[in-house]
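Engineer: Residue numbers (the working numbering), protein chains in the order written: chain A, 1 to 319; chain B, 1 to 319; chain C, 1 to 319.
Treat the hints with caution; some may be incorrect.
Label pairs and their computed distance ranges (CB to CB) [said to hold, decoys possible]:
no.	chain 1	residue 1	chain 2	residue 2	range
1	A	51	C	253	51 to 61 Å
2	A	166	B	293	50 to 60 Å
3	C	20	A	42	49 to 59 Å
4	B	131	C	266	47 to 57 Å
5	B	10	C	20	53 to 63 Å
6	B	2	A	42	52 to 62 Å
It should be emphasised that the hints constitute simulated quantities derived from the structure, not laboratory data. Glycine included, each C-beta is placed from N, C-alpha and C at the ideal position.
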Amino acid sequence: MRNPQLNENGELTHLLSIEGLPRHILSHILDTAASFMGIADREVKKVPLLRGKSVFNLFFENSTRTRTTFEIAAKRLSADVINLDITRSSTAKGETLLDTIDNLCAMHANMFVVRHAASGAPYLIAEHLKRVRHKNIHVVNAGDGRHAHPTQGLLDMYTIRHYKQNFEHLTVAIVGDILHSRVARSDIHALTTLGVPEVRAIGPQTLLPAELAKMGVRVHHDMNEGLKGCDVVIMLRLQNERMNGALLPSAGEYFKHYGLTPEKLALARPDAIVMHPGPMNRGVEIDSGVADGKQAVILDQVTFGIAVRMAVMSILAGN
Amino acid sequence: MRNPQLNENGELTHLLSIEGLPRHILSHILDTAASFMGIADREVKKVPLLRGKSVFNLFFENSTRTRTTFEIAAKRLSADVINLDITRSSTAKGETLLDTIDNLCAMHANMFVVRHAASGAPYLIAEHLKRVRHKNIHVVNAGDGRHAHPTQGLLDMYTIRHYKQNFEHLTVAIVGDILHSRVARSDIHALTTLGVPEVRAIGPQTLLPAELAKMGVRVHHDMNEGLKGCDVVIMLRLQNERMNGALLPSAGEYFKHYGLTPEKLALARPDAIVMHPGPMNRGVEIDSGVADGKQAVILDQVTFGIAVRMAVMSILAGN
Amino acid sequence: MRNPQLNENGELTHLLSIEGLPRHILSHILDTAASFMGIADREVKKVPLLRGKSVFNLFFENSTRTRTTFEIAAKRLSADVINLDITRSSTAKGETLLDTIDNLCAMHANMFVVRHAASGAPYLIAEHLKRVRHKNIHVVNAGDGRHAHPTQGLLDMYTIRHYKQNFEHLTVAIVGDILHSRVARSDIHALTTLGVPEVRAIGPQTLLPAELAKMGVRVHHDMNEGLKGCDVVIMLRLQNERMNGALLPSAGEYFKHYGLTPEKLALARPDAIVMHPGPMNRGVEIDSGVADGKQAVILDQVTFGIAVRMAVMSILAGN
Numbered sequence: 001m002r003n004p005q006l007n008e009n010g011e012l013t014h015l016l017s018i019e020g021l022p023r024h025i026l027s028h029i030l031d032t033a034a035s036f037m038g039i040a041d042r043e044v045k046k047v048p049l050l051r052g053k054s055v056f057n058l059f060f061e062n063s064t065r066t067r068t069t070f071e072i073a074a075k076r077l078s079a080d081v082i083n084l085d086i087t088r089s090s091t092a093k094g095e096t097l098l099d100t101i102d103n104l105c106a107m108h109a110n111m112f113v114v115r116h117a118a119s120g121a122p123y124l125i126a127e128h129l130k131r132v133r134h135k136n137i138h139v140v141n142a143g144d145g146r147h148a149h150p151t152q153g154l155l156d157m158y159t160i161r162h163y164k165q166n167f168e169h170l171t172v173a174i175v176g177d178i179l180h181s182r183v184a185r186s187d188i189h190a191l192t193t194l195g196v197p198e199v200r201a202i203g204p205q206t207l208l209p210a211e212l213a214k215m216g217v218r219v220h221h222d223m224n225e226g227l228k229g230c231d232v233v234i235m236l237r238l239q240n241e242r243m244n245g246a247l248l249p250s251a252g253e254y255f256k257h258y259g260l261t262p263e264k265l266a267l268a269r270p271d272a273i274v275m276h277p278g279p280m281n282r283g284v285e286i287d288s289g290v291a292d293g294k295q296a297v298i299l300d301q302v303t304f305g306i307a308v309r310m311a312v313m314s315i316l317a318g319n
Numbered sequence: 001m002r003n004p005q006l007n008e009n010g011e012l013t014h015l016l017s018i019e020g021l022p023r024h025i026l027s028h029i030l031d032t033a034a035s036f037m038g039i040a041d042r043e044v045k046k047v048p049l050l051r052g053k054s055v056f057n058l059f060f061e062n063s064t065r066t067r068t069t070f071e072i073a074a075k076r077l078s079a080d081v082i083n084l085d086i087t088r089s090s091t092a093k094g095e096t097l098l099d100t101i102d103n104l105c106a107m108h109a110n111m112f113v114v115r116h117a118a119s120g121a122p123y124l125i126a127e128h129l130k131r132v133r134h135k136n137i138h139v140v141n142a143g144d145g146r147h148a149h150p151t152q153g154l155l156d157m158y159t160i161r162h163y164k165q166n167f168e169h170l171t172v173a174i175v176g177d178i179l180h181s182r183v184a185r186s187d188i189h190a191l192t193t194l195g196v197p198e199v200r201a202i203g204p205q206t207l208l209p210a211e212l213a214k215m216g217v218r219v220h221h222d223m224n225e226g227l228k229g230c231d232v233v234i235m236l237r238l239q240n241e242r243m244n245g246a247l248l249p250s251a252g253e254y255f256k257h258y259g260l261t262p263e264k265l266a267l268a269r270p271d272a273i274v275m276h277p278g279p280m281n282r283g284v285e286i287d288s289g290v291a292d293g294k295q296a297v298i299l300d301q302v303t304f305g306i307a308v309r310m311a312v313m314s315i316l317a318g319n
Numbered sequence: 001m002r003n004p005q006l007n008e009n010g011e012l013t014h015l016l017s018i019e020g021l022p023r024h025i026l027s028h029i030l031d032t033a034a035s036f037m038g039i040a041d042r043e044v045k046k047v048p049l050l051r052g053k054s055v056f057n058l059f060f061e062n063s064t065r066t067r068t069t070f071e072i073a074a075k076r077l078s079a080d081v082i083n084l085d086i087t088r089s090s091t092a093k094g095e096t097l098l099d100t101i102d103n104l105c106a107m108h109a110n111m112f113v114v115r116h117a118a119s120g121a122p123y124l125i126a127e128h129l130k131r132v133r134h135k136n137i138h139v140v141n142a143g144d145g146r147h148a149h150p151t152q153g154l155l156d157m158y159t160i161r162h163y164k165q166n167f168e169h170l171t172v173a174i175v176g177d178i179l180h181s182r183v184a185r186s187d188i189h190a191l192t193t194l195g196v197p198e199v200r201a202i203g204p205q206t207l208l209p210a211e212l213a214k215m216g217v218r219v220h221h222d223m224n225e226g227l228k229g230c231d232v233v234i235m236l237r238l239q240n241e242r243m244n245g246a247l248l249p250s251a252g253e254y255f256k257h258y259g260l261t262p263e264k265l266a267l268a269r270p271d272a273i274v275m276h277p278g279p280m281n282r283g284v285e286i287d288s289g290v291a292d293g294k295q296a297v298i299l300d301q302v303t304f305g306i307a308v309r310m311a312v313m314s315i316l317a318g319n
């Protein structure tokens, strides 16, 4: 079966997941993003690549920040952006998801940016578009359930490549609640596809999924062990709802074992970079001394994220 | 008294209702819409007709879909669109509706797109604008109470003309809750103005208004009878609140008598088209076999709706 | 210590408060606004001064009207405007205000328009931007707590200058709840800076702050006394929450003593103008006979407000 993200020429037509994408496509996105980095420094931060195109933000799950980054990226490409307040829309009136999609297609939508609490929702939409033969309408997954968050994965790769030049000799650790994290899953697929030789997962047993070994990831429960010799440390946000749940004793206990402090960070390589997808819980998964320290590249991730999303949108629209 | 929708030269200055508009104005809107249909297929889907104009979406009643179609239409005309969240605005702080309008006029609004639960609210605004001598500010009724939804009526006429070429020999049936439907009222006025010789209303006694006969409409309570020989079948959405009310026994009972199934549709002419203003309640007023069948033109209505709204806005702004 | 609103060349880099700004800067803003007044009458109401710039509306306190005026002003300058729904954003997820700001800076924001319930919040943001060396990102205070609302103060000055030509011989009365009013505070600073010789405050003891005398303002508890000989009467909105509180007996009682009626207005100069920041409570602080009368310039304030906000934004972006 053909990868549903690729068209008959093997070009990217939807971005649904990093899993299954060949290395040259990931590299092409990163290269294209690099070409967009200069735009933000210009007096007029716009290019006309998507002029007259309609990009619909379909956020079935609320995320002001992610929506904003896509909105900025689309506007810098000169697209018209329409934010749908899904919770108040026809879907809320009992219309099916696919009827809503059909209606938006009939309004000549060019791209859907989809955030959904259910894993697989963007695939469902992409398959439907194929079935009804809307070949020129593209889907970007902006996070679906625990499954994937591919643009976050790509901007993380952009950040690593920016600071480390290439992926070939790196040791990368991902720390925290990997079980519930679509970011972690996208990062792991991207890192292994791009040739990172050692990917580590650090966290308590209850927050690590069973399949990590199959994905080629080394598991560490002791953070001090796991950080040794790392080039890159990716911290994950601890969702508030986990802290009150049965999976964790308390936020304080979590911080003691898995919060990144300057002392623990000293175990990694001296030139290691620290990443975080945001928003940060200071004092829970990360100490302010690290978050505001010299090794943190967290705000660069945000900047690169705009360029990466511009790259994804312009590549899809061009294919 | 002069029709409040027309200026001293008999040109359309507000679109409040189809009732009372002469046939040549309706035809001019449909012809203008036809000229906009090509734009959606272009690489850059924009024309500069409303560049620098400010269009305010004043939705006192929530309707994401209708608001979105107006937003898209205005943006394709290059207007600046401002969506006012009315429920959180000054009106909510006790300001009167007309004080709110005066304030927006003072901000140099060019057009108000108004959705309101109260019948007549757009008229009230248009009259006020005349009284305070804002001759260059236009009002488009995007649905007021049970009264009118003129752009829906117009896009329905566009759809009929597209598939049937002219209105002169047609039999058109409107099925469902006509009593509470502003769409039905606008359709009936448009159909009779454009010269459709036979308009039928099909529904239970409790959901048909008494004045239908006066409007030149034939009433049918038996759907099988009513559909015979029809060229066009317009299904209406059954509002959820009716289903639980005293007016109807149950959704299942309603579907049995007035839901459009392939079997019932077979009673109409073989080339009959099926229309629906959306969002559909599948299995309540329409069977999925019909909704997804070859005779359904429901998504075309959506596409034509953008062109019709572009036509209305550009005609108003030009007069 | 340098005024945090000015850069090293003494030019305006943030607009946080009118207090402390030299007269020539206020006059420059008013002069620039005058040059924008012509734009609203043009066919295409746009200038490209902020093309490609990103303006973020950060409204931590809801105000549809003020947000709309800034949105219109920014769009007429051709900026991209991003409205952040703060109550649903990362700040709500426990992120600190300054982390949110850092993230938006990383997205290459050019300007923040900030409304906040806490006095001083825009200062906090401006200081932070200086600390992290974002010299090209500007802050406009759109109202902070009881502290300041400088663009309202400026548009009030524009209105007075428009009708009275200069400030040198005027008597200006501000009437109502001055204690809780950021508008009043900004007006008083602007009036005294621009050289108005007599500024009066009229209101009940409970709604006048103690420091008025220090600010060079004459206090009147008797409205009939206070209005005598005034050239300008600025009415303040009475917040609903005050009416139910311990500070006031009742809305009716308030209107009797401090509501502006045609009779009371007759005590001012015959050519006195009446101003109000809106939204009005008709029958509470102002009688409809005055609100809709010939001396009211309340809607002109709104129109001038767009030009003043365009002036502020373009001056900041140019410095």
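Engineer: None of the hints should be skipped; say for each whether it holds.
Structural biologist: To see whether the hints hold, each was checked on the structure:
With their beta carbons about 60 Å apart, residue 51(A) and residue 253(C) fall inside the hinted range of 51 to 61 Å. Between residue 166(A) and residue 293(B) the beta carbon distance is about 56 Å. The supplied range of 50 to 60 Å therefore holds. As the Cβ distance of residue 20(C) to residue 42(A) is approximately 34 Å, the hint placing it in 49 to 59 Å is violated. Taking 47 to 57 Å as the suggested C-beta distance range, the pair residue 131(B) and residue 266(C) does not conform, at roughly 26 Å.
With their beta carbons about 59 Å apart, residue 10(B) and residue 20(C) fall inside the hinted range of 53 to 63 Å. A beta carbon spacing of about 54 Å between residue 2(B) and residue 42(A) agrees with the range 52 to 62 Å that was offered as a hint.
Checked against the numbered hints above, the structure violates hints 3 and 4; every other hint is satisfied.
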